Each structure stands twice: as structure tokens, then as C-alpha cells.
Amino acid sequence: DSLFYENYKDRGDKMQDVLWLFPVVFMVHEMEEIIGLRIWLEKNIDITKKYSRISKTYQNITTEAFSVAVLEEYLLTIIITTVSIYFKIYLLWIGVFIAFAVHLVIHIISSIIIRRYIPALATSILLLPISLFLINKVIIELHYSTFSVIIASLLCFIIMLINLIFIHKLMRKVSEKFNN
4 DSLFYENYKD RGDKMQDVLW LFPVVFMVHE MEEIIGLRIW LEKNIDITKK YSRISKTYQN
64 ITTEAFSVAV LEEYLLTIII TTVSIYFKIY LLWIGVFIAF AVHLVIHIIS SIIIRRYIPA
124 LATSILLLPI SLFLINKVII ELHYSTFSVI IASLLCFIIM LINLIFIHKL MRKVSEKFNN
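Sequential numbering of the sequence shown, starting at 4, is according to this note's numbering.
If you're looking for bench data, these hints aren't it; they were derived computationally from the structure.
Possibly wrong hints are sitting among the right ones.
[To be verified] DSS-like, lysine-lysine: derived pairs with alpha carbons at most 25 Å apart:
1) 140 x 91
2) 59 x 176
3) 176 x 52
4) 17 x 140
5) 59 x 140
Quantities reported herein were computed from a predicted structural model and do not represent experimental measurements.
Start from the sequences, fold in the hints, and give me the full structure.
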């Protein structure tokens, strides 16, 4: 028996339901960041001074600019989920979702390093086990090899890093518009 379907006819519909959870999980996590980032930066000046990379990255970034960056990423999760379902390229979805799960782990580790709550910590702790469960179930359901999952994840992680560079440039441009 499968977690996703009672019979073969139901498989596609149930799999789609599971895949559409990724954009939901993504946005729940990002909302915590949108709501808390600016306030956290203002209240934790000692941390931003100690870890200059935080200050350099988010100095003069407005909440509006950060929200635009999140919107771009959210639209990508929707596009990736749609493409994965329509063309049955589930490794794409798995790779991107694993890259997102790594992002959650980075938030948790960052909080441990600075020994404070950071925006996105609560949802990272809450959503990491859920994300890993969903990823694992899809991998098992579709019988993907460990090798193919690793390759897909590495490629998607590289793409995610390239997009991260793009959205940071986008945030700076949007912030300039709002700060002027």
C-alpha cells in the first residue's frame, strides 16, 4: 500500500497534492522572515557588528525589497512544482525541495552559532521534519536512486545559489527605489 494512492488511477492526483505542499511550506517559512527580519536587525545591532556579513548583506534592505525577493522565489517554487507535475520531472522538485531543506538547516545552525533566535528559526525547526518526510516519501514512492537524488540536489543547489546572487541584487535595487 502506498501513502499516496489507493489505486493506480489515483496516483497522479495524490502525488500532485503532495508536491503542492512545497510552495505552502516555503511561504510559511518566508513569512516569518519577512515579518521578523527588519525588527530583528534593529534589536540585534551587537550581532550585526560582530558578524559583519549580516550587516553587509541586509544593510539598507527594506522590508519591501525583501518581500519582492521572497515573491520571486515563491513564484519559482510554483513554476518548478507546475513543471515537475506537468512534465513528470519529479527529480527537479526533489532537488529544489532538498536545497530548501538545506536552507532550513542553515537557519538552525546560524541561530546556534550566534546563540539567539533569528527570524525563520521557529519555522525552520517546525518545517524541517515535515520537509524531510515529504521528500523521503516522494523519493521512496518513485524509486529514485540515491545517486540521481544527489545529482539533482547538487544541480538545484547551484541554481539556488545563482538565484540568491540575483535576488540580493534585486533587493538592493528595490531598496534604492524605496530609500530615495
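For this session: Return the numbers of the hints above that this structure violates; sort them in rising order.
Result: 5
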